[in-house]
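Numbering (my numbering), first residue to last: 81 to 562.
One or more hints might be untrue.
Label pairs and their computed distance ranges (CB to CB) [to be verified]:
#1 L99 <-> D386: 51 to 57 Å
#2 L479 <-> L332: 30 to 36 Å
#3 C305 <-> S391: 45 to 51 Å
#4 P447 <-> A91: 56 to 62 Å
#5 M314 <-> N174: 50 to 56 Å
#6 L332 <-> N358: 17 to 23 Å
#7 R353 <-> L99: 57 to 63 Å
Calculated lysine to aspartate or glutamate pairs in the DMTMM-like style (CA-CA distance at most 25 Å, straight line) [said to hold, decoys possible]:
#8 K406 <-> D392
#9 K406 <-> E448
#10 K273 <-> E229
#11 K406 <-> D419
#12 K406 <-> D381
#13 K406 <-> E387
#14 K406 <-> E362
#15 K406 <-> E380
#16 K364 <-> D419
#17 K364 <-> E148
#18 K364 <-> E411
#19 K364 <-> D386
#20 K364 <-> E380
#21 K364 <-> E387
#22 K406 <-> E372
#23 K406 <-> E396
#24 K364 <-> D160
#25 K364 <-> E399
#26 K364 <-> D392
#27 K364 <-> E396
#28 K364 <-> E403
#29 K364 <-> D381
#30 K406 <-> D386
The hints are simulated quantities; they were obtained by calculation from the structure and are not laboratory data. All C-beta atoms in this analysis are idealised placements derived from N, C-alpha and C, irrespective of residue type, glycine included.
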Amino acid sequence: MSVFIKRLFFACVIIAAALMVCMNGSGLGLLLVLAAVVIPHRFRLRWFLPMLFILSAAVHLAAVYAIEPAPVSDFARMVDAAQQAAAGDFSFQNLPYYFQWAYQTGFVLWEALLLRLFGSMASIKIANALLLSGINCLIYLFARRFAGEQAAQSAALLYLATAFPTLLTCVLTNQHVSAFFFLLALYVLTGGKAFSLPRALAAGVLLAAGNILRPEGIVILAALCGTVVFALIMRRSLRGSRRILCGTAAVLAVYAAVSAGASWAVSASGVNRYGLSNNWPEWKFIVGFNHETNGWYSAEDRARFDEAHQSDTPAEITEQSREEEKQLIRERILCAPPDFFRLMSGKLYGLWIANGLGFPLGHLNSPEVRVCGIRGSVIYQYAAALDRTVFAAAALLALFGAMALMRRKPEEQEISAVLPPMTVLAFFAVFLLVEVQPRYVFLPQIFLYLVAAAGICAVHGRLCSGGNRPRSDGSGNDGARV
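Between the sequences and the hints, there should be enough to build the whole structure, so can you do that?
Pasting the structure below:
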């Protein structure tokens, strides 16, 4: 009886302490981080992959049904075009937006397909939720190749605990579906007999599909090529180098062919006469070096140059504007060093530090809005604190992971382990040059959590190496070793 009373007493104390901690978003974030890191190392989680998908889907679908932000900005334009396309009307191609950035047509067709099949915008959000659950599973499968089973489980749970990607499912964005294809492509390419021709062909198609839906494929390809160069430098023999080079060439060739074919098909079918082209490539750099907005969107820049980039604008006027834009970019780059440093600092803050909850929860961020009697601004601040706390922990673990991977011997390096930090580095560099928004961190954040898996393994003194490293496919995976 006394043992029961003692356990009941301390259980009540623990529950009370946990409730007090959870009253603050940062407190809940710390509890979730501890749970994600500790539970897989203390308990054997059987059937983890299906359980992870079910849990992820439940969390993401709950967010979709609980939060309903109105479509705004580009999201509103694309869903309006998708509704027209679903009804067989492709007149949206006459709008300036779909001339300047015709590449957005790919995602419009994806949304139109879902609307045609299910007839509701909710289907797009549900697809986002399920695709994000798939991304969570791919994080686990990818990470266990180089960080071990338990650390991979922790990384996947840590990503699930991050509020930003979950809440972004409520927004009609193209980021979830494209990221799923990008991550799946790299997972396929580096698994089993890595860089073999079948895997390279499949990866090229998947990368092209991701790029058609959101044009970030060039950054993924840059990271892949950087990883291959690193692999060739670190190798102490030529064994397997030919397969890596041929596989990479096959990925690039298939990617280019599928992308060009898709653009031609969109144009030839009459969906958008401009295909999937980018008819204003200077725009991202104009805004990216805008000192007044710290690299964020600039309505002033848009008003200044927009008229020169219409489908009916004479070619000489467009060309004259392009020269003016390039001169403006040069002036913004060649500014005083302190000004340039402030610009870069502002961009880094806007992308990596600021929370990305504006689109999913921005409509709640007001003291006048109340949800179940709670001020909306309180809910927003709680979610932001939760998100930033978990992400800060993941970033710290990723730092430990990068240091641990750096200490590995050259012969122990694997392409699957080098690719995530190389991808984070590629995005870090690219976003110093182009427009930034907090939500743009969605894709590089996935790879940061993969690096965090190595950090979790290092923190526990369990950095795996050699034969005891688990494989997702049960094969030797000899081609993945650098």
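Quick rundown of the hints versus the structure:
The hinted range of 51 to 57 Å is satisfied by L99 and D386, whose Cβ atoms lie roughly 53 Å apart. Here the CB-CB span from L479 to L332 is close to 32 Å, well matched to the stated 30 to 36 Å. The supplied range of 45 to 51 Å is broken by C305 and S391, whose beta-carbon atoms lie about 35 Å from each other. Between P447 and A91 the Cβ separation comes to about 37 Å, which falls outside the hinted range of 56 to 62 Å.
The supplied range of 50 to 56 Å is met by M314 and N174, whose beta-carbon atoms lie about 52 Å from each other. For L332 and N358, the Cβ-Cβ distance of about 19 Å falls inside the hinted range of 17 to 23 Å, so the restraint holds. Checked against the given bound of 57 to 63 Å, the beta carbons of R353 and L99, roughly 60 Å apart, stay inside it. A distance of roughly 22 Å separates the Cα atoms of K406 and D392; the hinted pair therefore holds under the 25 Å criterion.
Only pairs whose Cα atoms come within 25 Å are accepted, and K406 paired with E448 is rejected, the gap being roughly 45 Å. Only pairs whose Cα atoms come within 25 Å are accepted, and K273 paired with E229 is accepted, the gap being roughly 20 Å. For the hint pairing K406 with D419, the CA-to-CA distance comes to about 19 Å; that is within 25 Å, so the pair holds. Note on K406 and D381: the hinted pairing holds, with a Cα-Cα distance of about 13 Å set against a maximum of 25 Å.
Taking the CA atoms of K406 and E387, the gap is about 16 Å. The hint holds against a cut of 25 Å. A distance of roughly 7 Å separates the Cα atoms of K406 and E362; the hinted pair therefore holds under the 25 Å criterion. The hinted pair formed by K406 and E380 meets the criterion: a straight-line CA distance of about 16 Å does not exceed 25 Å. Between K364 and D419, the direct Cα distance comes to roughly 19 Å. Compliance with the 25 Å bound is thereby established for this hinted pair.
Our distance criterion of 25 Å between C-alpha atoms is broken by K364 and E148, whose separation comes to about 29 Å. Our distance criterion of 25 Å between C-alpha atoms is met by K364 and E411, whose separation comes to about 15 Å. Of the supplied pair hints, the one linking K364 and D386 holds, its CA atoms being roughly 13 Å apart against a limit of 25 Å. For the suggested pair K364 and E380, the alpha carbons sit about 14 Å apart, so the restraint of at most 25 Å is met.
For the suggested pair K364 and E387, the alpha carbons sit about 17 Å apart, so the restraint of at most 25 Å is met. With a CA separation close to 18 Å, the supplied pair K406 and E372 stays within the 25 Å bound. Annotation: proposed proximity of K406 to E396 holds, straight-line Cα distance about 15 Å (limit 25 Å). Distance restraint check for K364 and D160: the Cα-Cα separation of roughly 24 Å lies within the 25 Å cut-off, and the hinted pair is therefore satisfied.
With a CA separation close to 17 Å, the supplied pair K364 and E399 stays within the 25 Å bound. Between K364 and D392, the direct Cα distance comes to roughly 22 Å. Compliance with the 25 Å bound is thereby established for this hinted pair. A hinted pair counts as satisfied when its Cα atoms are at most 25 Å apart, and K364 with E396 qualifies at roughly 22 Å. The hinted pair formed by K364 and E403 meets the criterion: a straight-line CA distance of about 15 Å does not exceed 25 Å.
For the hint pairing K364 with D381, the CA-to-CA distance comes to about 11 Å; that is within 25 Å, so the pair holds. For the suggested pair K406 and D386, the alpha carbons sit about 15 Å apart, so the restraint of at most 25 Å is met.
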